[in-house]
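2 protein chains.
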Amino acid sequence: MAKLNEHTTKRTKIYEGKIVDLELHDVQLPDGREGMREVIKHPGAVAILAVDEEGKIVLVNQFRKPLDKVIAELPAGKLEINEDPLVCAKRELAEETGYRANEWSFVTSFYTSPGFADEIIYLYLAKDLEMGTVATDDDEFVDPFVVSIEEAEGMLAESKIHDAKTAYALLYAKCVLSS
Amino acid sequence: MAKLNEHTTKRTKIYEGKIVDLELHDVQLPDGREGMREVIKHPGAVAILAVDEEGKIVLVNQFRKPLDKVIAELPAGKLEINEDPLVCAKRELAEETGYRANEWSFVTSFYTSPGFADEIIYLYLAKDLEMGTVATDDDEFVDPFVVSIEEAEGMLAESKIHDAKTAYALLYAKCVLSS
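Read top to bottom, the protein sequences are chains A and B.
Just so it is clear: in the first sequence, position 55 is 57 by our numbering, and no numbers are missing.
Just so it is clear: in the second sequence, position 69 is 71 by our numbering, and no numbers are missing.
Don't read these hints as lab results, they were simulated from the structure.
Some clues are possibly wrong.
Any copy, or any two copies together, can satisfy a pair, since identical chains are not distinguished.
Derived lysine-lysine pairs resembling BS3-like cross-links, with alpha carbons at most 25 Å apart [said to hold, decoys possible]:
(1) Lys-58 <-> Lys-92
(2) Lys-129 <-> Lys-58
(3) Lys-20 <-> Lys-5
(4) Lys-162 <-> Lys-80
(5) Lys-71 <-> Lys-12
(6) Lys-43 <-> Lys-15
(7) Lys-12 <-> Lys-92
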């Protein structure tokens, strides 16, 4: 597939931020012409499909500034530099929801917006839950709760759940875990 | 859920680009303190789960600069200003793959990265396909092909398929369409 590849001739950092950086990449396109790509650099993240003994799922309500509204999502969080995703997943589940899980398994990973960003999300399944204490990041405000898959589907229909990782996880819970 | 809301006190545009803009939003956090949010503005996009008469799925190989590699994804593309997502989906399927579809239905929509971007993807199911001609955008190089769900699952396992919308669509095709 070399005929699809783009060769980078120059990288320019436009912005270096707290969560994302923005770079412009000058490229040579497959047909030899010159082009430019906008690239958002992100450290990557984890998300946790935490399922309790009744088959209910742990979600968090969170205000999302880009949408200017609250949506309910899987517990999730950014990777620290060189952090193992599973270590991050255990930390984020505890911080955001108070839950600890005794059973962890890797479900899948995916890039969220490969056209303009390098963010990857590692999705884990967490079972055998125990409640501890909640301790979120300094500027993070989340409200955890537990719902059945049927309740979550109602929230999807009403766009109260409205992000890719959570939509994927609910389909996975319904189709794969329940089968 | 007013206690989670963040009140915007100032917006600063850092970059205005071809595909994304970057804004910084000064906010008042729920506890009254001040914070800052990085917001990527994106016009939104469509993706098409196109299924042929044998139940096979149309994918496109595309070099993704943020990942510096080729991955196989659903046919997809950005919305023009005020464009109806279904009109966009029909255009993008034709441009990227050559296929026209006689049956269209809306599957779902989701935000891809609500923590830092407002990109939303509208996912459509396209059936009763007919082949026409391929005519991609000027700086877009894609290579369309057709795979069975089993072949696509193999590509997922090998990370040749590795993005959220395509992972969601394959799970949907397997669990919802096949049931």
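Legend entry - 25 Å Cα threshold - placement of Lys-92 relative to Lys-12: Cα proximity of Lys-12 and Lys-92: none, with 39 Å in one copy and 35 Å across.
Inset, instruction - If the cutoff is 25 Å on CA atoms, where do Lys-20 and Lys-5 land: within, between, both or neither? Let me know, please. - result: For Lys-20 and Lys-5, the Cα distance is within 25 Å only across copies (24 Å; inside one copy 36 Å).
Legend entry - 25 Å Cα threshold - placement of Lys-58 relative to Lys-129: Intra 10 Å, inter 35 Å, cutoff 25 Å: intra-copy only.
Inset, instruction - Have a look at Lys-162 and Lys-80 and pick one of within, between, both or neither, based on CA distance no larger than 25 Å. - result: Both ways: Lys-162 and Lys-80 sit 22 Å apart in one copy and 24 Å across, limit 25 Å.
Inset, instruction - Give the relationship of Lys-43 and Lys-15 under a CA distance limit of 25 Å: within one copy only, between copies only, both, or neither. - result: For Lys-43 and Lys-15, the Cα distance is within 25 Å both inside one copy (10 Å) and across copies (18 Å).
Inset, instruction - Give the relationship of Lys-58 and Lys-92 under a CA distance limit of 25 Å: within one copy only, between copies only, both, or neither. - result: within (18 Å within a copy, 38 Å between copies)
Inset, instruction - Indicate which option fits the pair Lys-71, Lys-12 if close means a Cα-Cα distance not exceeding 25 Å: within, between, both or neither. - result: Classified as between: cross-chain Cα gap 17 Å, same-chain 38 Å, threshold 25 Å.
In this structure, the one hint that does not hold is number 7.
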